[in-house]
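Chain by chain, the residues:
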Amino acid sequence: MYDQPVTDRRAGVALNERAIESLEFIRTTMARSAPFTAVSGRAGVVMGALALIAAVAARSAQSDEQWLAIWFGCASIAVPVGLAMMRVKARRYELALWSAAGRRFAQGFLPAIVAGAVLTFALVRADALDLVPAAWLLLYGAGVLAGSSSSVPVLAWLGALFMALGGAAAFTPPDLRDIWLAAGFGVLQIGFGLYIARHHGG
Amino acid sequence: MAAKRGAALRADTADPPRTTQARAAAPATRAANLDRLMHDRTRLAIVTALSVNAALSFTELKAITQTTDGNLSVHARKLEDAGYVSCTKGFDGRMPKTEFSLTDAGRRAFKKYLDHMEAIIQHARGKSR
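In order, the protein sequence lines correspond to chains A and B.
Under the working numbering, residues 1 to 202 are what the first sequence spells out, in order.
Under the working numbering, residues 1001 to 1129 are what the second sequence spells out, in order.
Since the hints were made in silico from the structure, they are not lab data.
Note that the coordinates shown come from a computational prediction; the quantities given were computed from them, not determined experimentally.
By construction, the Cβ of each residue, glycine as well, lies at the ideal position given by its N, Cα and C atoms.
Incorrect hints may appear among the rest.
As the list claims (entries may be wrong) - Chain A is faced by these chain B residues, among others (derived, beta-carbon under 10 angstroms):
| hint | residue |
| --- | --- |
| 1 | L1050 |
| 2 | S1057 |
| 3 | F1058 |
| 4 | E1060 |
| 5 | T1065 |
| 6 | T1067 |
| 7 | G1070 |
| 8 | V1074 |
| 9 | M1095 |
| 10 | P1096 |
| 11 | E1099 |
| 12 | Y1113 |
| 13 | I1120 |
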C-alpha cells in the first residue's frame, strides 16, 4: 500500500467509500421498493420460539385452566414483542406502518383474530376446550391468508398451512392439541419467519 | 447512446492490470470505467426498484425515488434510451398509466454495476492488509 503515491491512496480510499455508500443505497432502496411487508420475520422466529416453550410447558399442565393460562401468558408476551419488532423494521426501512398496504393487511388480519378471541371465550364457557386449538389455528390462518393479499405472497402459504393444521386439530384426539399448536405457532412461524427475514429485509 | 454503452461495456471487460504500477492505478481506471448512466442516484434508484419488481407504475417509482415528476421523467427517459428500461403506456380504467420494467440489458448492466462496486471494495480491502 505504501509504495503508492499519496494521491493514489486517497483516490482509492474515496472510491472505496463511495462504492460502500452505493451498495448501502442499493440495499435500502431495494428494501423500500420490495413488495410491502413490515411483517417482521425475526418477530416470527421469536414468537415461534415462545410458542414452542409454551407447548412444552402446556404438556405438563395440571388442569385446563392452567393449560389456558400458559397459552394466554405466551400470547401476552408474543403479541407485544411482534408489534414492537414490526415497528422497528418499519422504522429501519422508513416504511409507513399505516400505509394503504399496511391498513389493508390489518383489515384482512384483525377480524379473524377478534373472532378467534370471542370464540375462545364462548368455547371455554361451553366447556369445549378441546376445540380451542383448532379455532386458534383456523382463525389465525384465515387472518394471515386474508392479509396476505396486501403483503408478501408467501404469507398466503403460511395462512393455508395454519388452516390445514387447524383442520387436523379439529378431528384428532385432544391429547395432540399441544403438538398441533407447536407445529403451527412454533415450527411454521419460525420457518416462515426465517424466510421473510432472509428475503424481505428482516 | 447504444454505441456509447457498447464502448463502456468493452472498456469494462478489458483484461485486468498485470503490473504493479497498473494495479496501483486500478481504482482510478475502475472509476473511469464506471457505468455513469447507472451511477446517478435517481437512475440507480429506478433500476434497483425495478430489479425487485416485475413492473412499477410512474407513481410507484416516484414514491420510491422520492423525486419530482419532471426529474423522474428525465431520468427514466435516459434509461429507456440506453435500452435498460422499457416503458408501456396504457389505461387503468380511464386514467392513463405508465409502467416501467427492467430489460435484460438493464438487468445485466445492474449486475455488472454491483460486481464493479464489490470489486472496488475488495481491491481496497486487499491493499489495506
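When the nearest CB of chain A is found for P1096 of chain B, is that gap smaller than 10 angstroms? Nearest chain A Cβ about 21 angstroms off; hint violated.
Quick check on L1050 of chain B please, does its C-beta sit within 10 angstroms of some C-beta on chain A? holds (8 angstroms)
Answer holds if the nearest beta-carbon of chain A is closer than 10 angstroms to that of T1067 of chain B; otherwise answer violated. violated (12 angstroms)
Identify whether the interface hint at S1057 of chain B stands, where standing means a beta carbon of chain A within less than 10 angstroms of its own. violated (12 angstroms)
Could you check if E1060 of chain B really has its C-beta closer than 10 angstroms to a C-beta on chain A? holds (8 angstroms)
How about I1120 of chain B: closest beta carbon in chain A under 10 angstroms, or not? holds (4 angstroms)
Taking the closest Cβ pair, is T1065 of chain B under 10 angstroms from chain A? holds (8 angstroms)
Against chain A, is E1099 of chain B within 10 angstroms by beta-carbon distance? Violated - the Cβ of E1099 of chain B stays beyond 10 angstroms from chain A, reaching only about 14 angstroms at its closest.
Less than 10 angstroms between beta-carbons is the criterion; does Y1113 of chain B satisfy it with respect to chain A? Result: holds, 8 angstroms to nearest chain A Cβ.
Against chain A, is G1070 of chain B within 10 angstroms by beta-carbon distance? violated (20 angstroms)
M1095 of chain B as chain A interface residue, shortest Cβ-Cβ below 10 angstroms: This interface hint is violated because 17 angstroms lies over the 10 angstroms limit.
Would you settle whether the hint for V1074 of chain B is holds or violated, based on the nearest Cβ-Cβ distance to chain A being less than 10 angstroms? Since the shortest Cβ distance to chain A is 19 angstroms, the answer is violated.
The structure fails hints 2, 3, 6, 7, 8, 9, 10 and 11 (numbered hints given earlier, in ascending order).
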